[in-house]
Structures are given as C-alpha cells and as structure tokens.
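From first to last, the protein sequence lines are chains Y and D. The first sequence begins at 0 in numbering that gives the first Met the number 0 and counts up by one. The second sequence begins at 0 in numbering that gives the first Met the number 0 and counts up by one.
A portion of the hints provided could be inaccurate.
Said to hold, decoys possible - Pulled a few chain D residues facing chain Y out of the computed Cβ check, cut under 8 Å: (1) 48; (2) 123; (3) 153; (4) 154; (5) 156; (6) 157; (7) 159; (8) 160; (9) 161; (10) 163; (11) 164; (12) 171; (13) 175; (14) 179.
The hints are simulated quantities; they were obtained by calculation from the structure and are not laboratory data. Only a predicted model underlies this, so the values are computations on that prediction, with no experimental measurement involved. Glycine included, C-beta positions come from ideal geometry on N, C-alpha and C.
Spelled out from the first residue to the last, the chains are:
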Amino acid sequence: MALIETVNIFQNYDGREVLKNVNLKIDRAEIFALIGPTGAGKTTLIRILDLLEAPYSGRLFFDGVDVTNPGVDQLEVRRRMSYVQQRPLVFTMNVYDNIACGLRWRHMKSATIKRKTEEALELVGMTSYKDRNARTLSGGETQRVAIARALAAGPEVLFLDEPTANLDPVSTSKIEEVLTRIIREQKTTIVMATHDMSQGQRFAGRIGVLMNGEVLQIGSPGDIFSSPGNREVAEFVGVDNILSGVIVDKDNSLVSIDVNGRFIQAISDYGVGEKVNALIRPEEITLSLSQDISSARNTFNGRITRIFPLGPLVRIEVACGFPLLVVITKRSAEDLNLTIGKEVYATFKATAIHIIRS
Amino acid sequence: MLTVLLGRSLVAFLATSQIGIEGGDLNEFVQGFVKAFQLIITLDPQVVDITWRTLAIALSSCIISTVLCLPLGSLIHFRRFPGKRILINIVQTFYSIPTVVVGLLVFILFSRIGPFGVFNLMFTPTIMVIGQVILVSPIVLGLVISALSGVDKGLFETASSLGASRVQAVFQVIREARYAILSAVTMGFGRAISEVGLALMVGGNIRGFTRVITTAISLETSKGDVELSIALGAILIFMALLVNIVLNRLQQK
Chain Y
0 MALIETVNIF
10 QNYDGREVLK
20 NVNLKIDRAE
30 IFALIGPTGA
40 GKTTLIRILD
50 LLEAPYSGRL
60 FFDGVDVTNP
70 GVDQLEVRRR
80 MSYVQQRPLV
90 FTMNVYDNIA
100 CGLRWRHMKS
110 ATIKRKTEEA
120 LELVGMTSYK
130 DRNARTLSGG
140 ETQRVAIARA
150 LAAGPEVLFL
160 DEPTANLDPV
170 STSKIEEVLT
180 RIIREQKTTI
190 VMATHDMSQG
200 QRFAGRIGVL
210 MNGEVLQIGS
220 PGDIFSSPGN
230 REVAEFVGVD
240 NILSGVIVDK
250 DNSLVSIDVN
260 GRFIQAISDY
270 GVGEKVNALI
280 RPEEITLSLS
290 QDISSARNTF
300 NGRITRIFPL
310 GPLVRIEVAC
320 GFPLLVVITK
330 RSAEDLNLTI
340 GKEVYATFKA
350 TAIHIIRS
Chain D
0 MLTVLLGRSL
10 VAFLATSQIG
20 IEGGDLNEFV
30 QGFVKAFQLI
40 ITLDPQVVDI
50 TWRTLAIALS
60 SCIISTVLCL
70 PLGSLIHFRR
80 FPGKRILINI
90 VQTFYSIPTV
100 VVGLLVFILF
110 SRIGPFGVFN
120 LMFTPTIMVI
130 GQVILVSPIV
140 LGLVISALSG
150 VDKGLFETAS
160 SLGASRVQAV
170 FQVIREARYA
180 ILSAVTMGFG
190 RAISEVGLAL
200 MVGGNIRGFT
210 RVITTAISLE
220 TSKGDVELSI
230 ALGAILIFMA
240 LLVNIVLNRL
250 QQK
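Just chain Y, with the same shape it has in the complex (with noise of 0.2 Å):
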C-alpha cells in the first residue's frame, strides 16, 4: 500500500487551475522528485501533501486513511509529516530553540527533546551554532537548520521544496551532502520539488514531471531523461535538439522521418504518415571533418553557426537543414580547429534518437 496517495486532486486560486487531476502514488521509504518549471504548481502539490492547504477536489490519503475526510485529526497526521519550505523561516530565538520548538509541540519530555536535538544538530553539521540567533545565519545554514528542524521529531514523510533554490554552489554541495545522509541513515519517505533536474536525477528513485498543474510523466530518472513522454517534458529536462517531421517509409521498426526534407533514420512503432517529433540528445552526436565510414545510421553535412564555450565542453550549432545542436569536449573542438561557418559531417546511430507523437 502506497504511503500517500492522490486521487483526482485538482486546486483553483481565483478561478485560475494550479493542479490538474494530479494521481500520485508514493511509497513508503520511496525517494520522489517533483521536477517542473518554476510556477508550475510543485509547492501547491506539497502544501496539500502536507495538509497545509485543502484541495478544491480529490481525495488525498495517507499511510491508508482519506486525510481530506474532515472525521479525521489532521494535526496527528501533520505531525507525521515535515515540511521544509523554499524560503524557510527561522523563529526569533537561537538555534537549539528553533530546533526543539517542534519537539515541545509534541509534548515530548525533556530529556527526549534534548536528545533528538542534539542528534538533529549533529545531522546538519550545525552543533557549534546552536546558541546563535538563528536570524543572523546564512542562507545556506537556515536551510540547513530547517532540515534539522524538519526532521528532529523523526517524521515519516519529509518534503522538501527546492531545497537548493538561491543558494551559492558550496551552500548547495553542503546540503546536497546534509540529503545524501539523511537517505543513507534514515528510512524516511522523501517528496522533493526541484526545478534542477540534475537534482532530481542524483537524489530520486522515482521522477513526476508536473508542468503546468499537470502531471505529465512518472518515472525512473533514465526513463525520463530518456524517453521523455512529450515535447514539453524534452524540452524541459534538457533534450535540445527536438525536430519536428513526418514517418515517410517503415522497414520493421526503423523508419525513415522527413525533416526539412533531410532524412533521418530512427526506431520506433508508429507507422508511415505518422507526424513526430525526433529527439536527439546534443551529447550522442559526434563531428567530423570527413564523411566516416561507420555503422551510424545517421551522417549529415552542414555548416557551423555557432560555438558557446561551456566549461570543458563546447556546444556547437550546424544547420544541416536543420538546426542541430552537438556537445563536444573543448580539446575535441580545439583537436578538429573548428571555427564558424566550417562543413562538418554530425554523425549520430538510429538508436540514439527517441520518437514521440507530435
């Protein structure tokens, strides 16, 4: 039995739908990333996850039981879960306090409090700052201190919304670091929003893509990155060359698609006549100064138009009759002299390219 579950769950702001029909299934000790453009509804999802708002409708249950009955003492069930917000809030008083203030609401007894507070400020690291005014921290220790805080009363469920957002990339590594051991020592139930799919990727067993108030795709982290569902999710998780054209011919699965009358050849199901469009990842593409000799079933000339240095790499753009973007290494590039407006043949095998529906 799924640890949450959602069923049909819509939300209206003013008249304006946040989430669509959202279905979820979240098991127990299951790490999940909500991956999804800003403004797409993620922190909606986790603040009625949460119980923190109700749905305009569905049905949301916990652990079994339909939470989104008003029968049902959802405080209890609150308190078995903790939420980490965007932007967290620290109360006015020092470390330690603001750290044990969920244990106090708790009724625990003193010395519990004390225990897991101090186990809580040993997770993130923070034990030497539990005497200071949690005000005066840093973005990244407040982030920090909230994740301590969240977790002191052992909850069952944690969401974290973009737990990394607006942070500098040490703050970043050190939470990164913070979530990687909570996973490893703890059996807690992760729901994680992010907008950074490499997140997303590292962390979760299993990914939602929500955009636009909808779910668009669940899955492992492969499957997504992949084989993105549609144009959208490809566009989203980073597959940048998506080419819009039609199934002309069909040799058992591998078919031939029109673009721009260019033809590429690629495997898939759907039949001739089929509009579709051809992802190709920018890094499963390769250049060259002569026509190879390969096994790929892909070869097209064109001239460069582009180069951006990226860190070690380079992301070059040719029009070969239609814009393709390639990612090569910066010795590669430097290995191959290649300068705008020079032929280049890109080379890229059938199987490299993923065809959805258009």
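Based on these hints, arrange chain D on the given structure of chain Y.
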C-alpha cells in the same frame, strides 16, 4: 546617602553661584530650578507620593489594557470577518481621542446619576485607572494588531508544518512579535502617564489620594508654586526619556 550628600553640595553650589545674575524674574526662575532639584534630591515626601501614585495608576491601566488587548488583538488579527479593515481603522482613529472626551464619557457613565453611579467611583484612583484603560486601549490594541501583522505570514504556516496546533502556532506568532508588542505597551504607558485632562476631570486632583504629576503641575503652577511644578515636570520628562530609551531599544530588536 552619598547621592543625597552630593546633591546637597551641588544645591549649595548652585545657590551661591547665582551672585552674577541680575533681575528679579530670572532670579526667581533659577531659584525655582534650584528648589526643584533640592526637592528631587532630598526625596521630598510630597514629590515621592505623587510620583509613586502616578506610576501606580499608569502601570495598572497599562497592564489591564494589555491583558484585554493582547487576546482581542490576536482574535482580530487571526480571524477573517467582514468589516475587519473598517474595525482596525476605527481603532486607529481612537489613537488621538482627546483625553477630556474620555473624561467626559467616564464622567457621564460614573457620576451619581450615570448608569454606573451606584459603584460610587468618582474621584478615586480606580476611576482614573478605568479612564486611562479606555484612553490607552485603542493604542495598545491597534499597535498589537500592527505588531502581529508585521510578522511574516509564512511563520504561522511554518509552525503548523512543524507540528504546531492552531493555538500553538498563534502563540508562536505572538512570541515572534514580542518586541513590537512590548513597544505598543510602552507607547500606551507613555500616553497614560502624560495625560492631564482625564485625571483632572474624574480624579479630582485630591491631595494624597488622586493627585498625580500632571494634575499637580497644573494646580501648583496656577497657584504660583513653580518649584514643585518644575520638580515634577523634570521627573515626568525623565520618565518620558526612560520610556523612549526602552522603546528605541525594543524597536531595534
């Protein structure tokens, strides 16, 4: 004891240093100051009595209005109801209600023929406290509501998400606003201690019973006894200064 001795020698010095000053009026004025200083330093029984009563009445009314306004302000802040904005505007309008108007109201209510005349409270410290509570409550209430509104809206929800019940979350928000609430109370105290119209109208300025600093100053000045007035005025200004220092400290927190 040392302070008193030091004070006395200072008085003696001031008394002898007036040789150079010419003109009767100015002389009287300086003498007034010297005498006033003497009254304070020597802890003149009349000055002490009036100061003590002033503090007791103002503090009582301040405490009572806080006890009334803190829950009421919380109720107004945390509940949603039609006309909430208008109610807050009305409360704020009463910040500057003239003290004599409150005096008139209390007089009508508590005079012999008034609805509460049976309690026979006119011209007692009790009626002064009642009047000051009416005078000060709008300020304390309005500022308590502002103090609570000043707390980030998300704080209530943060507390809820950490397992606080509704009541526990409300207390957390009040706790968060504690400095702003204390400064509201301090403002109320400042208004109570410095008003004169109400104390005069319903207290009656009875010596040793309802005479407070402001009413004493007004009476003594009209009688021409400026020394006592100056001494009491200085004490009042000193108290105002103290209130201001406290207020500043609180607002910085």
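Outcome of the hint check:
For residue 48/D, the interface hint is violated, since its Cβ never comes within 8 Å of a Cβ in chain Y; the closest pair sits about 41 Å apart. Evaluation of the residue 123/D hint against chain Y yields a violated restraint, the C-beta minimum of about 42 Å exceeding 8 Å. At a threshold of 8 Å, the smallest CB-CB gap from residue 153/D to chain Y is about 5 Å, leaving the interface hint in force. With its C-beta approaching chain Y no nearer than about 5 Å, residue 154/D sits inside the 8 Å limit, and its interface hint holds.
For residue 156/D, the interface hint holds, the least distance from its beta-carbon to any beta-carbon of chain Y being 6 Å, beneath 8 Å. Against a cut-off of 8 Å between C-beta atoms, the interface hint on residue 157/D holds, since the closest Cβ of chain Y lies about 5 Å away. With its C-beta approaching chain Y no nearer than about 6 Å, residue 159/D sits inside the 8 Å limit, and its interface hint holds. Annotation: interface hint on residue 160/D holds; nearest CB of chain Y at approximately 4 Å, less than 8 Å.
A distance limit of 8 Å between C-beta atoms decides the matter here; for residue 161/D the minimum to chain Y is near 4 Å, and the interface restraint holds. A least Cβ separation of about 5 Å between residue 163/D and chain Y falls short of the 8 Å threshold, and the interface hint therefore holds. Because the closest C-beta pair between residue 164/D and chain Y is about 5 Å apart, less than 8 Å, the hint holds. Below 8 Å, beta-carbon pairs count as interface contacts, and residue 171/D has one with chain Y at about 7 Å; its hint therefore holds.
About 6 Å separates the beta-carbon of residue 175/D from the nearest beta-carbon of chain Y, less than 8 Å, and the hint is met. Given the 8 Å rule on beta carbons, the hint for residue 179/D is violated: about 11 Å separates it from the nearest Cβ of chain Y.
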